[in-house]
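Asker: This is what each chain is made of:
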Amino acid sequence: MSTTVGRPAEVLLVEDSPGDVRLTREALKEGKVRNNLSVVSDGVEAMEFLRREGKYKDAPRPDIVLLDLNMPRKDGREVLAEMKSDEQLKRIPVVVLTTSEAEQDILRTYDLHANCYLTKPVDLEQFISIVKSVEDFWLTIVQLPRS
Amino acid sequence: MTSPERAIVTPNLYVVPPSSAAEALDELSVIVDASPDLICVTDLDGRFRFVNPAFTRLLGYAPSDLVGRSSLSLIHPEDVQDVIDAVRQDPDATGVAFRFRHAEGHWFHAEMNRRVTYDATGEPTSAVIVSRDISDRVRAEERFRVTADHSPIGMYIAQERVIKYVNPRFEELTGFSADELIGADPLSLVIPEDRELVRLNAVAMLRGERANEYEYRIINKSGQVRWIMESVVSIDYHGGRAALGNYIDITDRKAAEQEQARVMKELARSNEELGQFAYVASHDLQEPLRMVASFTQLLARRYRGQLDDDADEFIRYAVDGVTRMQNLINDLLAYSRVGTRGNPMVAVDMNTSVGRSLANLTAAIEESGATVTVGDLPTVSADSTQLEQLFQNLIGNAIKYRGERTPEVRVSATAEGDSWHFTISDNGIGIDPAYAERIFVIFQRLHGKEEYEGTGIGLAICKKIVERHGGRIWVESQPGAGSTFHFTIPAQGSDES
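If you're matching them up, the sequences are chains R and V in order. Quick note on the numbering used here: the first sequence kicks off at 1 and runs consecutively. Quick note on the numbering used here: the second sequence kicks off at 1 and runs consecutively.
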């Protein structure tokens, strides 16, 4: 899909902070990959989106999930665990993007088969640069399985 | 009196039998003459028949002074009845203490052994009384009694687990009177769960296997539990071994100790909480701050130069303020991490720590042309990351606060008692001694931001690191005359973990 010309990359952002949603949106806007950003604000909605349930029955299948860890109702760790144990979803790359620098969060996340763990930098320039790197790496460099 | 040998002395005491009765008698009379004890023979009514020279020597009586006198007439009126009772109970009484009247009127303490002699038909003929001078013992007992009567320490004497004597203070401490205590088992005062421990400790101490006092609880007469600290010593008492116990009531001290332990625990908890608070606050403050910073920066990035000059200036101040706040929060986080995220203390070679800190300061050293001289440094028990940071901050400051001259920094250490004393001295701008304390307070600065940058966290972190290691830090300086920073680290390491 990374090479699919014409179709914009489908990005699902699971994030409860509107500020971070906006920052990510701005950063992706500055990137060079055409993308279609969908946003859900907690883990329950994220699973509904991924499983195309309820109001998400027409949701696109994401090419990549950007996942925050600390969220209400169902947190990012639970979403990750559910995705990676679901035959339909396990191959979607999950990039954990969080403020936590805690060692146990990093270990736990990789144990749950996250594809990468990133800490949100405090500085805007760095944040933009990280989001661009994610976009660049996961949407243009990496070969991902089809569907 | 049929056979002289039998009459003179028990024959089986002779190692070699005397050659004649006369020889035996001669020897016997010399023995009696030379005896340091008072030896007398009385008739059955108690009248003196014979006294040895000790009577003259010790009591001042010549035999002629005692003609027709009863031995009882020389005995203290208060002791006469005791002596009569003892003899009535056992004509061969031993160990009867009494007082003799000296010819000059004063009293002489003695202890007598009495033996009745019999004739061939078994009729008693006379009494031989051997009395020994016990004034030393009596004086010692008297001294003990005076001491014990006025001692602030509770004292008792126990023999075969029976209390024989208690002093007034002991009565006061236990609430029981001497009459109630004498004859009782000393362990009966002890609360049941402490009894075995007391017994073991007392036995060990009496045997000399234990040197220190031991502590336990008793129940006094009014039913209160009191903490006691006791030592026991083995003494001679009326011819047998006994335990002399010394008793101190430490209930108040125990209560104070418990209170102190409680306060210390509370203090540690509150410090811990404060540390956690600073950590959580600075950590959680970062989140909203990141929003403010990011969007102010986004504003600057997208709209600088597109609005009017005022807008650009406002944006600049906003970005500047946010950046400073980020630095403060990061520094606060670093400060709180000294207490909450420290590593365990291990043996650390200070030469290595200084070496690492110098490597981190390479840019500053090269830029300023500073020379840093490092003496021979010891190995101490420390958190190596923190010690590296400590040296880096202090040496970094020495370079940063330089004057016109090229910085010269010296690092050295000397052993001082149980501690190592480190010094970092420079030839920089120095500090007014009025600020010597203040510079170690978090976010305290002595210079404008234009002169020297920084939030004022460095020395506060240094102080926290040194204190976590159980040492202290201070500065000696004069403006313009350079500064010497001192800190100590205990050689054995502190208990802090």
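Read the hints as simulated data drawn from the structure, not as lab findings. Cβ coordinates follow ideal geometry from the N, Cα and C atoms, glycine included. It is possible that some hints are incorrect.
[Claimed, not checked] With the Cβ distance kept under 10 angstroms, some of the chain R side facing chain V (calculated, not the full set):
#: 1; residue: G19
#: 2; residue: D20
#: 3; residue: V33
#: 4; residue: R34
#: 5; residue: E87
#: 6; residue: T99
#: 7; residue: Y117
#: 8; residue: E125
#: 9; residue: S129
#: 10; residue: I130
[Stated by the list, open to error] Some chain R residues well away from chain V (every beta-carbon gap over 10 angstroms; in silico):
#: 11; residue: S17
#: 12; residue: D42
#: 13; residue: G54
#: 14; residue: K55
#: 15; residue: R77
#: 16; residue: Q88
#: 17; residue: K120
#: 18; residue: D123
#: 19; residue: F127
Asker: Does each hint fit the structure? Answer for all of them.
Answerer: Structure-based check of each hint:
1. With a cut of 10 angstroms, the hint placing R/G19 at the interface with chain V holds, because the nearest CB-to-CB distance is about 4 angstroms.
2. With 10 angstroms as the threshold, the beta carbon of R/D20 comes within range of chain V, its nearest partner Cβ sitting at about 8 angstroms, so the hint holds.
3. At its closest, the beta carbon of R/V33 sits 20 angstroms from a beta carbon of chain V; the interface hint therefore is violated under the 10 angstroms criterion.
4. For R/R34, the suggested interface contact is broken, since its CB lies about 21 angstroms from the closest CB of chain V, more than 10 angstroms.
5. Violation of the interface hint for R/E87 is found here, the shortest Cβ-Cβ separation to chain V being roughly 36 angstroms, above the 10 angstroms cut-off.
6. With 10 angstroms as the threshold, the beta carbon of R/T99 comes within range of chain V, its nearest partner Cβ sitting at about 6 angstroms, so the hint holds.
7. Annotation: interface hint on R/Y117 violated; nearest CB of chain V at approximately 18 angstroms, more than 10 angstroms.
8. At its closest, the beta carbon of R/E125 sits 7 angstroms from a beta carbon of chain V; the interface hint therefore holds under the 10 angstroms criterion.
9. Residue-level restraint check for R/S129 is violated (minimum Cβ-Cβ distance to chain V is 13 angstroms; threshold 10 angstroms).
10. Given the 10 angstroms rule on beta carbons, the hint for R/I130 is violated: about 12 angstroms separates it from the nearest Cβ of chain V.
11. With a least CB separation of 8 angstroms from chain V, R/S17 falls inside the 10 angstroms interface cut-off, contrary to its annotation.
12. At roughly 17 angstroms from the closest C-beta of chain V, the C-beta of R/D42 stays outside 10 angstroms, upholding its exclusion from the interface.
13. With 10 angstroms as the threshold on Cβ separation, the claim that R/G54 sits away from chain V holds: the shortest Cβ distance comes to roughly 31 angstroms.
14. With a closest Cβ-Cβ approach of about 28 angstroms to chain V, R/K55 is found to remain outside the 10 angstroms limit, as its non-interface label requires.
15. No Cβ of chain V approaches the Cβ of R/R77 within 10 angstroms, the least distance being about 19 angstroms, so the stated non-interface status holds.
16. With 10 angstroms as the threshold on Cβ separation, the claim that R/Q88 sits away from chain V holds: the shortest Cβ distance comes to roughly 34 angstroms.
17. A Cβ of chain V approaches the Cβ of R/K120 within 10 angstroms, the least distance being about 7 angstroms, so the stated non-interface status is violated.
18. With a minimum CB-CB distance of about 7 angstroms to chain V, R/D123 fails to clear the 10 angstroms threshold, and the non-interface call is violated.
19. The claim that R/F127 is not at the interface with chain V is violated, since a C-beta of that chain comes within 10 angstroms of its own (minimum 6 angstroms).
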